[in-house]
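Student: Sequence:
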Amino acid sequence: MYKQTYPIATKHIENNTYIDDFVIGTTTDTETLTLYREMLQLTLHISLPLAKWTTNSKTLQGVWKQKNIPFRDITQVLGVKWDTDKDVFQIYVQAKIVKASKEPVTKHLLLKLMSKFYDPMGLFAPVTVIVKILFQDTWLSGIKWDELLPPAVAQHWHKWINELLCLNDICIPRWIGFSETSVVTIDVFCDACERAYDACLYAHHTVDTFTEVNLLPSLESWWHGPKCLNHGSEAWPTKDLSSHSQPLVEVESRKTESRSFYVATTEPIIDISCYSSYTKLLRVAAWILRFVLNCKSHLCIIHELNCNEIKKAKDFWIQTVLHQCFSAEINALKEGRLL
Numbered sequence: 606m607y608k609q610t611y612p613i614a615t616k617h618i619e620n621n622t623y624i625d626d627f628v629i630g631t632t633t634d635t636e637t638l639t640l641y642r643e644m645l646q647l648t649l650h651i652s653l654p655l656a657k658w659t660t661n662s663k664t665l666q667g668v669w670k671q672k673n674i675p676f677r678d679i680t681q682v683l684g685v686k687w688d689t690d691k692d693v694f695q696i697y698v699q700a701k702i703v704k705a706s707k708e709p710v711t712k713h714l715l716l717k718l719m720s721k722f723y724d725p726m727g728l729f730a731p732v733t734v735i736v737k738i739l740f741q742d743t744w745l746s747g748i749k750w751d752e753l754l755p756p757a758v759a760q761h762w763h764k765w766i767n768e769l770l771c772l773n774d775i776c777i778p779r780w781i782g783f784s785e786t787s788v789v790t791i792d793v794f795c796d797a798c799e800r801a802y803d804a805c806l807y808a809h810h811t812v813d814t815f816t817e818v819n820l821l822p823s824l825e826s827w828w829h830g831p832k833c834l835n836h837g838s839e840a841w842p843t844k845d846l847s848s849h850s851q852p853l854v855e856v857e858s859r860k861t862e863s864r865s866f867y868v869a870t871t872e873p874i875i876d877i878s879c880y881s882s883y884t885k886l887l888r889v890a891a892w893i894l895r896f897v898l899n900c901k902s903h904l905c906i907i908h909e910l911n912c913n914e915i916k917k918a919k920d921f922w923i924q925t926v927l928h929q930c931f932s933a934e935i936n937a938l939k940e941g942r943l944l
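Residues 606 to 944 in the numbering used here are what the sequence shown lists, from first letter to last.
If you are wondering where the hints come from, they were derived from the structure by calculation, not from laboratory data. The beta-carbon is built from N, C-alpha and C at its ideal position, and this holds for glycine as well. Treat each hint with caution, since some may be false.
[Stated by the list, open to error] Each computed BS3-like pair below joins lysine-lysine, with the alpha-carbon atoms no more than 27 Å apart: (1) K686 <-> K657; (2) K764 <-> K686; (3) K707 <-> K691; (4) K885 <-> K901.
[To be verified] Label-pair restraints from in silico Cβ distances: (5) L927 <-> G747: 29 to 39 Å; (6) I915 <-> Q646: 26 to 36 Å; (7) V734 <-> Q646: 20 to 30 Å; (8) P709 <-> K737: 46 to 56 Å; (9) K717 <-> D690: 28 to 38 Å.
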């Protein structure tokens with residue numbers, strides 16, 4: 606209805622509204638003023654006027670001052686603090702988190718304080734993942750909700766709390782440093798283990814033979830990334846990059862005790878105990894079966910999983926469980942022996 610009257614505003618309001626926040630960036634002050642006027646009129650027409658305004662554009666701030674429209678220099682955007690004067694993002698660690706951390710450490714307190722650390726954009730995921738792993742340890746140890754944590758886990762928890770305050774000093778530039786016409790390469794590093802998985806994205810921006818590398822999202826110890834990113838990909842190491850802080854972990858082989866007549870000679874492809882959701886287990890199996898199919902054929906299926914693939918995954922698990930639980934009976938039938 607309003608696309609012809611407010612083409613810019615209707616386009617952005619559909620793609621850049623998060624709950625009750627409208628967040629958008631423009632390249633020039635002219636675009637900023639045009640978008641502001643359209644958004645102002647459009648939201649009034651649909652009876653959803655925007656109540657709070659914030660911008661780093663000095664031109665738009667001047668317009669607001671002339672019209673006596675209040676705005677903030679520092680505000681909250683999707684859970685993080687935005688300083689419009691410095692144009693940086695910061696996270697605010699609530700004082701009550703540090704205060705409550707002095708209480709007896711239980712799993713209940715761990716979950717309570719963990720939920721107060723609000724980071725919906727994932728800018729500080731390298732920090733928040735630590736406490737999630739600690740919480741996972743409490744479940745694996747069978748600790749009850751109001752039971753005191755073991756000294757080792759409690760020690761890691763207090764160490765995490767003490768380091769949490771350092772996040773207040775970290776500033777992340779809102780503007781990455783390039784525009785729509787810039788030539789940018791995104792370099793991605795990823796890794797996974799049983800505890801967590803991660804992906805680190807670097808924006809590789811070249812302007813007049815000058816190369817700038819920015820980390821997305823930013824972590825203090827990896828602010829600029831490895832030095833090889835300042836050169837072309839042909840200068841990158843050809844071997845795996847070892848972690849700068851994580852020691853190598855030796856894999857302990859454990860003997861498994863069998864309490865049935867069936868003895869597995871090979872490890873299962875998927876460990877069912879790693880999944881608490883039946884639906885997720887089926888989807889993981891379906892993706893693996895698709896990967897195998899793509900490897901065997903010249904086709905490359907990339908669309909979302911369909912019902913037929915989910916059914917094949919279900920059939921796979923039915924056959925797997927049958928062979929695990931009734932292997933003796935199945936072998937007897939194959940050999941023509943009586944059950």
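Student: Against the structure shown, which of the earlier numbered hints fail to hold, in ascending order?
Tutor: Those not satisfied are hints 3, 6, 7 and 8.
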